[in-house]
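Got chain A sorted already, so can you dock chain B onto it with the hints?
Protein chains: 2
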Amino acid sequence: MEKNGKISSAVIRRLPKYYRYLGELKRMGVNKTSSRELSEMTGFSASQIRQDLNNFGGFGQQGFGYDVESLRFEIGKILGLDKKYKVIIVGAGNIGEAIANYTGFYEADYEVVSLFDKNPKLIGLSIRNAVIRDIDYIEEYLKAEKVDIAVICTPKSVCQQIAEKIVACGIKAIWNFAPKDLKMPEGVYVENVHLNESLFSLTYYYNKLKGE
Amino acid sequence: MEKNGKISSAVIRRLPKYYRYLGELKRMGVNKTSSRELSEMTGFSASQIRQDLNNFGGFGQQGFGYDVESLRFEIGKILGLDKKYKVIIVGAGNIGEAIANYTGFYEADYEVVSLFDKNPKLIGLSIRNAVIRDIDYIEEYLKAEKVDIAVICTPKSVCQQIAEKIVACGIKAIWNFAPKDLKMPEGVYVENVHLNESLFSLTYYYNKLKGE
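Taken in sequence, the protein lines are chains A and B.
With UniProt numbering applied, the first sequence has no gaps in its numbers, which climb one by one up to 212 at the end.
With UniProt numbering applied, the second sequence has no gaps in its numbers, which climb one by one up to 212 at the end.
For reference, chain A alone in the conformation it holds in the complex (with noise of 0.2 Å):
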């Protein structure tokens, strides 16, 4: 679908936007939309949608809209939603069981597999299914499955650690809630999501609002 592998991150942030907004027509009973009326769904100019979509080859005719239906089929296979994903959570806490908890996670097709985790209590608990384990045997556990996604969530005195070791056992992908940019070797990929970030962000913003 594709016509090069040069897509700018940019664009790659905003297809999971239109992604949801086509799900919430679809819901409508929509079967039509068009630049515009994404335009106003997702705040984004008519003319950047049509460009972001151009990337992928074009969807849609001029004059004649997008197909609500075909273009998220086609936008969600661009992400990889179409395919099914093993996950496991290292850390068990508050974010970990949140995570693990949080069903929209499971709109797409990700399995939370295992948890892992220190805390003698929490071992051999369940969270939907997926077992809390001994964070001790975690290089084993990967050695035996195949998992795709692992999210971090540990203090982020050890997130580094515990990185370094799961990418040795062939993890590629990390969702990191760790307090912390993690230092991975080339052909690793982590999504951060620092919520005190997110949060200081905010309260600057508040603060001018206030007009202090």
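Treat the hints as calculated values from the structure; they're not laboratory data.
All figures in this text were calculated on a predicted structure; none of them were measured in a lab.
Do not take every clue at face value.
Facing chain B, a subset of chain A residues (Cβ under 8 Å, in silico) [what the hints assert, rightly or not]:
{"#": "1", "residue": "Ile-12"}
{"#": "2", "residue": "Tyr-19"}
{"#": "3", "residue": "Tyr-85"}
{"#": "4", "residue": "Glu-97"}
{"#": "5", "residue": "Tyr-102"}
{"#": "6", "residue": "Ala-168"}
{"#": "7", "residue": "Cys-169"}
{"#": "8", "residue": "Gly-170"}
{"#": "9", "residue": "Ala-173"}
{"#": "10", "residue": "Tyr-189"}
{"#": "11", "residue": "Ser-198"}
{"#": "12", "residue": "Leu-199"}
{"#": "13", "residue": "Ser-201"}
{"#": "14", "residue": "Tyr-205"}
{"#": "15", "residue": "Tyr-206"}
Capping the alpha-carbon separation at 27 Å, the derived lysine-lysine pairs in DSS-like fashion look like this [claimed, not checked]:
{"#": "16", "chain 1": "B", "residue 1": "Lys-165", "chain 2": "A", "residue 2": "Lys-180"}
{"#": "17", "chain 1": "B", "residue 1": "Lys-32", "chain 2": "A", "residue 2": "Lys-83"}
{"#": "18", "chain 1": "A", "residue 1": "Lys-86", "chain 2": "B", "residue 2": "Lys-210"}
Ideal placement from N, C-alpha and C gives every residue a C-beta, glycine not left out.
Positioned in the frame of chain A, the structure of chain B alone reads:
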């Protein structure tokens, strides 16, 4: 401290990261740092960092580097982290509960004063001294109490309606975890944490790495 009010949002996004790394240096007992050292830690270029800090009047002296503690203090002040904030969490499900329990949250002076939910099984319970109250009483609560920031962790079907209600009660800063973009009037700032979009981007890059 700011030279003018027109600091780009990209700069504002980087400040929390500087703040975090300066905190790490401080904890390690480091007193002086340089744009080069900060560059190695953050991944931004040294000239980018100097330019960013110049936006706010310039800290440090050419050739002498930056004083870690005072630079952190000044960035904290710019972000507004020298003040106290009262926070409510709307939706006491998995994510809401995790946010209420999230200790990283408490590095700066944010106090969760109440949660709100419609689930009778949750109403009356407490998380870290914050009571979960009936969502039907949220307007009453907001009229009586001063609240700075509202965290929305509700299902997406109700987030817009709830946001409108609390904004009508004077809330100006929303940290939104519901997977939907809120349409808010001028004078309200919304910071989105869309977990699904983050996971979908990760999925895209994971597939790229695998060559699929």
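Outcome of the hint check:
1. Ile-12: Since the shortest Cβ distance to chain B is 6 Å, the answer is holds.
2. Tyr-19: With a closest approach of 7 Å, the Tyr-19 (chain A) hint holds.
3. Tyr-85: 7 Å, holds
4. Glu-97: Result: holds, 7 Å to nearest chain B Cβ.
5. Tyr-102: 6 Å, holds
6. Ala-168: 16 Å, violated
7. Cys-169: 16 Å, violated
8. Gly-170: With a closest approach of 11 Å, the Gly-170 (chain A) hint is violated.
9. Ala-173: 4 Å, holds
10. Tyr-189: Holds, because the Cβ-Cβ distance from Tyr-189 (chain A) to chain B comes to roughly 4 Å (cut-off 8 Å).
11. Ser-198: Holds, about 6 Å.
12. Leu-199: Cβ of Leu-199 (chain A) sits 6 Å from chain B, so the hint holds.
13. Ser-201: Interface hint status for Ser-201 (chain A): holds (6 Å vs cutoff 8 Å).
14. Tyr-205: 4 Å, holds
15. Tyr-206: At about 4 Å, which falls below the 8 Å cut-off, the nearest Cβ of chain B leaves the hint on Tyr-206 (chain A) intact, so it holds.
16. B:Lys-165 to A:Lys-180: Given pair Lys-165 (chain B), Lys-180 (chain A) is violated - Cα atoms ~36 Å apart, limit 27 Å.
17. B:Lys-32 to A:Lys-83: Distance of about 49 Å is beyond 27 Å: violated.
18. A:Lys-86 to B:Lys-210: 15 Å, holds
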